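Novice: Start from the sequences and build out the full structure, keeping to the hints where you can.
Taking the UniProt record's numbering, the leading residue of the sequence shown gets 1, the next gets one more, and so forth.
Derived by calculation from the structure, the hints in this document are not laboratory data. Quick caveat: nothing in here was measured; it's all calculated off a predicted structure. Keep in mind that a hint or two might mislead.
[Claimed, not checked] Each computed EDC-like pair below joins lysine to aspartate or glutamate, with the alpha-carbon atoms no more than 20 Å apart:
(1) Lys265 <-> Glu329
(2) Lys319 <-> Glu206
(3) Lys346 <-> Asp235
[Stated by the list, open to error] Label pairs and their calculated CB-CB ranges:
(4) Ile52 <-> Gln247: 51 to 59 Å
(5) Asn88 <-> Ile48: 47 to 55 Å
(6) Asp119 <-> Gly207: 47 to 55 Å
Note that the Cβ used here is the ideal one computed from N, Cα and C, for glycine as well.
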Amino acid sequence: MKQGHLKWRLFSLFTMMALFLAGCGESYITTLEPKGEGAEMQFSLMMISTIIMVVVVLVVTLIFIYVMFRFRERKGDENKIPEQVEGNHKLEIIWTVIPILLLIILAVPTVSYTFKLADVTPMKEETRDKDALVVNVTAYLYWWEFEYPDHKVVTSQDLIIPTGERVYFNLKGADVKHAFWVPTIGGKMDTNTDNTNQMWLHAYEEGIYYGKCTELCGPSHGLMDFKVRAVSKEDFNNWIDKMANVQPKVDTELAQAGEQLFQEKSCIGCHAVGNEGSRLAPNLSNFADRTRIAGILDYNEGNLKDWLRDPEEIKPGNKMTNTYDKLEEDEIDALTEYLFSLSVEKK
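Specialist: If you want it as structure tokens, here you go:
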């Protein structure tokens with residue numbers, strides 16, 4: 001008996017924990033406050049399906065309650081055998097037709113939105129719209145690269161897009177399968193290593209939207225975040241012009257020492273700054289304009305120094321950990337000063 005009580009208590013405890021944990025998460029990672037065309041379509045489908053399910057549950061519950069009371073056993077009827085009903089064509093037709101109608105109600109907008117969300121005609125080579133903005137997205141362990149091929153601009157971690165128009169994406173994985181997801185303005189799509197997927201996003205309002213990798217890709221999968229900054233068309237064009245002609249200016253002696261160290265430590269062999277460097281690691285040309293460090297840390301001097309001291313502790317399994325020697329504190333200070341000078345918007 002005691003063992004039964006213990007099991008019941010454990011079941012109740014885990015049920016309550018599951019209920020509370022179901023509400024956990026970041027408020028800015030949500031599909032319930034759509035700020036974009038794609039997200040609005042998906043929210044509409046969720047609402048339609050939820051309403052249908054709620055109506056079905058209510059109707060079934062009411063029928064169950066009615067039947068439970070209407071046909072319950074009454075005193076004096078213990079030996080009475082109820083009328084045996086073997087079939088009712090009218091009822092059978094009703095409970096067959098109703099689910100079909102509900103499926104049609106759900107299927108029509110689902111199919112319609114599926115084709116709209118998959119329409120990337122303006123970015124196709126044979127039907128290319130010269131005014132359409134195309135961005136090549138490459139997912140790495142554990143960061144994101146964004147290339148604007150028509151403008152010869154490459155950046156990382158912070159994706160800049162104009163509001164009021166569809167932006168088209170070529171999605172590719174560089175090492176393993178990842179997934180590109182910006183829930184507030186659009187949907188999710190895998191980034192594979194053996195093919196390129198295509199999709200579009202359309203942000204209605206200016207602001208910062210948060211994206212994540214949603215395909216389990218390694219020990220730091222949960223830390224593979226990025227930001228989408230939606231700006232006006234004019235601000236976007238100004239940003240593109242600055243990025244296309246970026247010329248880093250290092251003013252202080254400490255920043256100059258950091259720049260020299262950046263070369264000597266072969267950081268430039270993986271990272272790009274301006275027109276120099278490689279694309280094996282995040283492009284740092286506009287590092288000082290970003291909103292996060294390593295995609296997840298608040299943007300401040302202390303967090304940058306922590307990242308330079310021990311990136312493995314912050315993002316386990318990242319590829320930077322074993323590619324450079326441990327830095328002395330004075331070297332960390334110099335590199336920090338240099339990286340905080342890399343801006344195209346603050347100069």
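Novice: Each hint should be assessed against the structure and marked as holding or not.
Specialist: Checked hints:
Under the criterion of a C-alpha separation no larger than 20 Å, the hint pairing Lys265 with Glu329 is consistent with the structure, at around 15 Å. Only pairs whose Cα atoms come within 20 Å are accepted, and Lys319 paired with Glu206 is rejected, the gap being roughly 33 Å. For a cut-off of 20 Å, the pair hint linking Lys346 to Asp235 stands: about 14 Å separates their Cα positions. Roughly 58 Å separates the CB atoms of Ile52 and Gln247, a value that falls within the hinted 51 to 59 Å.
With their beta carbons about 31 Å apart, Asn88 and Ile48 fall outside the hinted range of 47 to 55 Å. The hinted range of 47 to 55 Å is not satisfied by Asp119 and Gly207, whose Cβ atoms lie roughly 25 Å apart.
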